[in-house]
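Trainee: Position chain B with the ligands against the provided structure of chain A, taking the given hints into account.
Letter by letter, the chains look like this.
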Amino acid sequence: MTLSEHPIPLPAADAETVTPKPPLSKKERMQIQRVEMPEQDAILRAANFREVNLGLTEQLAMLEAERCLECPKPYCIDGCPVRVNIPNFIRHLRDGDMAGAAASLLDDNALPCVTGRVCPQETQCEKVCLRAKTGRSVGIGNLERFVADWALANHAGSGASMSQPDALGKTVAIVGSGPAGLTAAKELAKRGYDVTIFEAFHAAGGVLIYGIPEFRLPKDIVQAEVDRLVESGVKIQANAIIGKTYTLPELRAQFDGVFIAVGAGLPVFMNVPGENFKGVYSANEYLTRVNLMGAWNPVSDTPVLHGQRVVVVGGGNVAMDSVRTAKRLGAASATIVYRRGPEELPARAEEAHHAEQEGVIFEYLTAPIEVLGDENRWVTGIRCVRMALGEPDDSGRRRPEPIEGSEFEVPCDMVVVAIGTKSNPLLTATAPELEINKWGYIVTDENGMTSMPGVFAGGDIVRGAATVILAMGDGKRAAMAMHAYLTPPEPAELPTA
Amino acid sequence: MHHVLVNERLSPNVTRLVIDAQRIAEIRQPGQFVIVHLGPGAERIPLTIADGDREAGTISLVIQAIGKSTADLVEVPVGGTIADVAGPLGRPTELPDHGRVLCVGGGVGTAVILPIAQELKHRGVAVTSIIGGRSREWVILEPDLRACGEVITCTDDGSYGRPGFVTEALKDALAEGGIDEVFAVGPVPMMRAVANLTRPLGVKTTVSLNPIMVDGTGMCGGCRVTINGAIKYACVDGPEFDGHAVDFAELVDRLSTYRPFEQFALERRGACSTTAEDAAAVAAAVAAATTPAGAAR
Ligand SMILES: Cc1cc2nc3c(=O)[nH]c(=O)nc-3n(C[C@H](O)[C@H](O)[C@H](O)COP(=O)(O)OP(=O)(O)OC[C@H]3O[C@@H](n4cnc5c(N)ncnc54)[C@H](O)[C@@H]3O)c2cc1C
Ligand SMILES: Cc1cc2nc3c(=O)[nH]c(=O)nc-3n(C[C@H](O)[C@H](O)[C@H](O)COP(=O)(O)OP(=O)(O)OC[C@H]3O[C@@H](n4cnc5c(N)ncnc54)[C@H](O)[C@@H]3O)c2cc1C
Ligand code: SF4
Ligand code: SF4
Ligand code: FES
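Respectively, the protein sequence lines represent chains A and B.
Just so we're aligned: the first sequence equals residues 1 to 497 in my numbering.
Just so we're aligned: the second sequence equals residues 1 to 297 in my numbering.
Keep in mind that the hints were calculated from the coordinates and are not lab data.
These numbers come from a predicted model, not from an experiment.
Note that beta-carbon positions come from the ideal geometry of N, C-alpha and C, so glycine has one too.
Watch out, some of these pointers could steer you wrong.
[What the hints assert, rightly or not] DSS-like mimics (lysine-lysine), calculated; alpha carbons at most 27 Å apart, straight line:
1. K121/B <-> K438/A
2. K121/B <-> K204/B
3. K232/B <-> K204/B
4. K235/A <-> K219/A
5. K127/A <-> K170/A
6. K232/B <-> K422/A
[Unchecked claim] Simulated DEER-style distance windows between Cβ atoms:
7. E58/A <-> P92/B: 57 to 63 Å
8. E75/B <-> H155/A: 26 to 32 Å
9. P273/A <-> D242/B: 46 to 52 Å
10. G454/A <-> D242/B: 36 to 42 Å
11. E250/B <-> I369/A: 50 to 56 Å
12. Q29/B <-> P425/A: 16 to 22 Å
13. P425/A <-> A245/B: 17 to 23 Å
14. E433/A <-> S135/B: 41 to 47 Å
For reference, chain A alone in the conformation it holds in the complex:
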């Protein structure tokens, strides 16, 4: 599917010239109710893979933009990990200057089409928005998505402004094509480096392609971002597994700089009996089959089980994506089993809410203790125990503890384990000089440089499973640091006596 065939009409450039409106008073702005994101009906969407959120119309976006108070001290910017100049792009949008809004946004954020859709806004920019104090925050994420989609549909802010690739005659290798790698590639290409991305899979995008499903982040959007990078001169070498096809020391020898952004891709299992029965998937496997390999489409060569009663273990975005995917593949019942309560759900609020609307059942304060199977070792159910929240643990969250005698069974024919991921030792095992911590994550200094000079790292392989925007922030910071390292600024010319 190309962008032009996208089922949801993307906002197009307005041909008419915009007549400036008289500015609203602060009081008038305060009276505008937050614009709700139009979405597909819950019953319909639970049976298709099209995007749930339909996007704001230009009119709605401009109305929501009016709600921003243009605070002299915009807290919202402090809430954004990459410090998007939020009031600035919103002001352009409010004035109907889409190109100006796009230019402003793209200057701060390399993948706004993505972050506008997947950022946990309610814990970041929108949490600290002044308007959240007295009511509902400005819909920053929704506006970001609108402007970003406009830019994509109108080819605004594409590679044109980039300097010639290789203008500096210096080469950079980027390992991994997730948000961290893509952002670093864009920043470095912009500064004139000859950039090559090495990606283990046959397609670029990292979690954006294989993990987050189509109904939340359409793949043609990610592809368009990747295409833009390629147009700007970035080379992508797919099927290149660093640690196997090439080692890190080999890359280090061939390139002036290296940025490692391989994510935290190793699935964690529950370590309970029955986990190898047929019908038990890691979320990684389940989502990769469905998203990357296209198994949601029955004519794809890669199969995936269509569970009728599906249990997903976990409470994060990965768990929500898995359970909603199962619904869309025809599950009559789809249940989340999560060991803490609804307040502790790590998923974006919108995803948990959408999942609920789509009929997902939530078993809170519940932990699995055994997967049950029949004589042919097909899953028939999952044995769980109820939990109570005890003393706070290291993370400050109250530790769930099993309640004795509360065991019960949930019948099911498929289980998806979405309880987290760990670092994959494939790359680090071939680079003994690279310092890693006790969990296998790469250690960096405040600029993102590792213990190997000229080798930087960022994203989930440094932080542990985190977010898209933090990975992008790392990519940007490492790119700047690498630029300073590889092309130190010329010493200012001394005034001649």
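Mentor: What follows is chain B with the ligands alone, placed relative to chain A:
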């Protein structure tokens, strides 16, 4: 993009493809595999690197066409292309430097044994290969293995070499004594039978496991196998393991996960094109196979 340079039929359902893959040819070691992906919509297929030519920058794959994806692959003609070849993956075989080794290959497993036998010969280890097939035409790679040492061929129907299974020949060879190590690759029941023969004798036995894989890099856990009671990922911890420690029953069981899908895929392939009606038919068939009575049985 990789080009098919040779497409040669070795037995009624086994084909050898030689493809260009410069980097993999340079660094591959015995026991390693690649993941091949024909193009959009295709499956990722793990295949052992059976041989390679460093100078020419080519590798050879020996493929048994048992399902839709392998059937598609062996039909790529000379000059045709394969979109993606990723690797080399997996741990290289741990090989001894001296002694006497038996290499047992069943069916297409013979192709996995070949690079091992070649390297053993290179190291000066005495190699005897025991290979087998249903009948004469199913025995593959005999001349290549002969270049590495003695070869005992077996056919189930006795049409060539020794009549009977390779395990019969193995039993005799073990009875003669002096065997330091055994490498066995073939259908799971064969590898299990070999491990059962060598276990009481305490002869070290390495087998190569072929669980279902997706990424081949440790990221999905789909290839998990149980070794000595612990979960291992065959793609990164293997694919070779101590045959005496493998839970073969679980492997056989997990390999059957997608059986109905595989049958539909093959039938659909017979129908040639993938029209909308096809898609609907497959969807209906899949739904029928996954009724509440139990998933995909
Ligand atoms: C299902 C799911 C849903 C999520 N939802 C959200 C959300 O709504 N909002 C949010 O902010 N975050 C979400 N996250 C988390 C977010 O996606 C990650 O934090 C982010 O993608 C990390 O980016 P990264 O660039 O570090 O790594 P990744 O996106 O993981 O990309 C790493 C890339 O490196 C490649 N690679 C790995 N090893 C090698 C190697 N040895 N050689 C070459 N290439 C290699 C991988 O194939 C992959 O393409 C979600 C994650 C998942 C799995
Ligand atoms: C490390 C490794 C090395 C291998 N080397 C060779 C080789 O050198 N030559 C060879 O002919 N075969 C080899 N195989 C097996 C080969 O990958 C499968 O036969 C092939 O994927 C089947 O695909 P299909 O669509 O043609 O068949 P299907 O009809 O899909 O399946 C037939 C059988 O193959 C198995 N299978 C299906 N999908 C996969 C998958 N993605 N990964 C692994 N097994 C699967 C299933 O058990 C199934 O019963 C190897 C497998 C592994 C894991
Ligand atoms: S990038 Fe994320 S946190 Fe920053 S402004 Fe956009 S939606 Fe908010
Ligand atoms: S804090 Fe809220 S109201 Fe203030 S500038 Fe930011 S988005 Fe606008
Ligand atoms: S194939 Fe995915 S972990 Fe081994």
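Trainee: Would you mind marking each hint as holding or not holding in the structure?
Mentor: Hint-by-hint comparison with the structure:
Taken as a hint, the K121/B and K438/A pair is broken in the structure, with Cα atoms around 42 Å apart against an allowance of 27 Å. For the hint linking K121/B to K204/B, the alpha-carbon distance of about 19 Å falls within 27 Å, and the restraint holds. Restraint check: the Cα-Cα separation between K232/B and K204/B comes to about 19 Å, which is no more than 27 Å; the hinted pair holds. Distance hint between K235/A and K219/A is fulfilled; the C-alpha atoms sit about 20 Å from each other, no more than 27 Å.
At most 27 Å may separate the alpha-carbon atoms for a hinted pair to count; K127/A and K170/A exceed this at roughly 41 Å. A hinted pair counts as satisfied when its Cα atoms are at most 27 Å apart, and K232/B with K422/A qualifies at roughly 15 Å. Taken as a hint, the range 57 to 63 Å holds for the pair E58/A and P92/B, whose Cβ atoms sit roughly 59 Å apart. Distance hint for E75/B and H155/A: a CB-CB separation of about 41 Å, inconsistent with the stated range 26 to 32 Å.
The hinted window of 46 to 52 Å between P273/A and D242/B is violated, with their beta carbons roughly 23 Å apart. At roughly 41 Å, the beta-carbon separation of G454/A and D242/B lies within the given 36 to 42 Å, and the hint holds. As the Cβ distance of E250/B to I369/A is approximately 20 Å, the hint placing it in 50 to 56 Å is violated. At roughly 19 Å, the beta carbons of Q29/B and P425/A sit within the given window of 16 to 22 Å.
Taking the beta carbon of each, P425/A and A245/B are about 21 Å apart, inside 17 to 23 Å as hinted. Take E433/A and S135/B: their Cβ atoms lie about 55 Å apart, and the range 41 to 47 Å is violated.
Hint compliance for this structure: hints 1, 5, 8, 9, 11 and 14 are broken, all remaining hints hold.
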